[in-house]
Amino acid sequence: MSDDPDARSRGFLKAGLLVGPATAMAVAFLVVPLVLLFRYSLNQYDATLLMVEALTWENYVTFLQDSYYRQVLWVTVLVAASCTLICLLFGMPIAYRLARMRSRWKSAAMLLVIIPLFIGGAVRTVGWMILFSRGGMLDSIVSKISPGTHFELMYTPWAVILGLVSIILPFVILTLQSVFESIDVRLEEAASGLGASPARAQWHIVLPLAMRGVITGGTLSFILCMNAYGTPVLLGGPRFEMMAPLLYYEFSSNNNWPFAAALAFILMASTFTLTTLAPFLVPKRYRL
Amino acid sequence: MTCDTQSQSATGATRRSFMIGAAALAMPAILGRNAFAQGGGEVVIGVSGGDYGRLVAENIDDLVLKPQGIKVIQDQGDEPFRVAKVIAARDQPKGTLDILQAEATACYRLADAGLLETLDETNVPNIKYVLPHLRTNFMVPQIYSPQVLVYNQQLVDKPPTSLSDMLDPKYKGKFGISAQNALHLITASSLNKTGSASDFEAAKPLVQQFIANGLRLYPQPDAIAAALKSGEITVSLMWLARKNLWRKSGLPFDAAFPKEGCMLFINAMAVPKSAPNKANAFKYLNAVLEPAAQVGFAKNMGYLPTSSETKLEGEVAEQLKLPDPAPKMILPDFPYLAKTQNAMNDWWKKAIR
Chain G
1 MSDDPDARSR GFLKAGLLVG PATAMAVAFL VVPLVLLFRY SLNQYDATLL
51 MVEALTWENY VTFLQDSYYR QVLWVTVLVA ASCTLICLLF GMPIAYRLAR
101 MRSRWKSAAM LLVIIPLFIG GAVRTVGWMI LFSRGGMLDS IVSKISPGTH
151 FELMYTPWAV ILGLVSIILP FVILTLQSVF ESIDVRLEEA ASGLGASPAR
201 AQWHIVLPLA MRGVITGGTL SFILCMNAYG TPVLLGGPRF EMMAPLLYYE
251 FSSNNNWPFA AALAFILMAS TFTLTTLAPF LVPKRYRL
Chain R
1001 MTCDTQSQSA TGATRRSFMI GAAALAMPAI LGRNAFAQGG GEVVIGVSGG
1051 DYGRLVAENI DDLVLKPQGI KVIQDQGDEP FRVAKVIAAR DQPKGTLDIL
1101 QAEATACYRL ADAGLLETLD ETNVPNIKYV LPHLRTNFMV PQIYSPQVLV
1151 YNQQLVDKPP TSLSDMLDPK YKGKFGISAQ NALHLITASS LNKTGSASDF
1201 EAAKPLVQQF IANGLRLYPQ PDAIAAALKS GEITVSLMWL ARKNLWRKSG
1251 LPFDAAFPKE GCMLFINAMA VPKSAPNKAN AFKYLNAVLE PAAQVGFAKN
1301 MGYLPTSSET KLEGEVAEQL KLPDPAPKMI LPDFPYLAKT QNAMNDWWKK
1351 AIR
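Chains as they are written, first to last, in my numbering: chain G, 1 to 288; chain R, 1001 to 1353.
The hints are simulated quantities; they were obtained by calculation from the structure and are not laboratory data.
Quick caveat, the model's predicted, so the values are computed rather than measured.
Listed next, with one range per pair, are the computed distances between beta-carbon atoms:
#, chain 1, residue 1, chain 2, residue 2, range
1, R, N1213, G, Y68, 21 to 29 Å
2, R, R1054, G, P21, 39 to 47 Å
3, R, A1343, G, L13, 54 to 62 Å
In silico lysine to aspartate or glutamate, DMTMM-like type, Cα no more than 25 Å apart, as pairs:
#, chain 1, residue 1, chain 2, residue 2
4, R, K1350, G, D66
5, R, K1339, G, E58
6, R, K1229, G, E152
7, R, K1339, G, D46
8, R, K1350, G, E58
9, R, K1204, G, D66
A virtual CB, placed ideally from N, CA and C, is assigned to each residue, including glycine.
Model the full assembly from the supplied sequences, consistent with the hints where possible.
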């Protein structure tokens, strides 16, 4: 690093030129629409005029006062948290095994994790629909084993959780795998040499070192689940409400753009707050 | 500004030279557009895609508009987005759509907000042939279908005669609808209870009884066919046109017309006030009512024609024949729906939980 002030300012200029276009794009295509959306959320809805210019918090107040909307947000958080937990529980052993794999099958195993990402989320959800629906594979097996009974998983919260986990698990595995790769295997060997069982070494050595990856994977999973639309609509059915489908319902069926905009901001704010606060559940020394 | 001018001069790229260059580049497109405009110009229709969009292109655009030299551009998308485009163009001198295709109630709401052109014989001559019970001054009904009780013939011994039959314990958990038809279930319930489709309060208890009797809900109308086929449900409240399509594909479904009457589903087209090519938009609506265009939809989608000039023949006429005596057909009470629709939607989404 040079101490020459001119060289330093030229460096800043270069950096500015490099990040400038991306920043301009983000401002134009993300910040400006968000500002506009927030402005809409302060407007009023009118059955005839549809949207009336105003400066009021009434859409936010309606959300907070109506237990129905609060319940929808609660269900959304619960589903997102459940999916995140399941993804971490299933993703960690798979990611660890992949990271420590030294055989020639490692590439094939990695490919197995990546292949589902080649197929769109909606297409995979339709696959679940075929599996879960009446007359589908699971129902047929149950009906064969016990004639007259049916396996009803379609249009239940469990179907939504399973569908979301199937979409998000590869992302979590890939995130965790790269973190486990970066942990020196000699640390585990040292722990073993000092008499620690494999489980103890995992708990006291590997997991704390992988905590940053766990937090990143968990955050990624939580954000994707909070904003899920297709899976809750297709697998949860009309009786199961999450925030994103509710928002679309207000926009499309009721033409209530101000309230839909307020719901969008509430969803964004809830996701942001929870993902910011969640890492604090982890002891500080593991967060670094 | 001086610096800008200097730097531009240095590279020889002045604003004037840029404009000249841009105009030269755009010239073929401008000339081509004018040449086409002399032949009849263009018209943009906001329309749903899929089979419907294809049929619109085949039976209206190519069949009637193309010979007139009018180029039709389809702006395909879901109805909420098409409606949103009309609303968004409210404060602009020109919008992006010349024609909006939407369900009749959505058209009424836009007309009520003052966003649609008034239609009559002067701008759409064929409107005089629209069946009297479908005629309004804000939309051209393109196709329509009565709402009936569609049932699986192999699973229902005695066809139902009324919507309230669905409260019978034998239909517990066996009656289902598409969530998109929730509003239509409420209006049909009102019709059943009061003889009028405009009493939301009277409809509520009946809808609650359906819910208590295990009313099943499906996200899309297509899911109803699978549910009826598998026996998950045995009866659904659905458009007759859907039953015709399902029947055509070999499914053992039939329709019962409720004795209290059938609510009508109307797929309509309207001209937004912000339409840039209004003259062609009116020509398009006129074309929609041409018998040749109407027959295509009856044949391919099982919907009934809206023009008295359209005569169905042969197999299509047989398939779409209504029972004798003709069932009561009830046009939705648009002003009432516009006023209460959001309250109904809000009540519904809480009632089904």
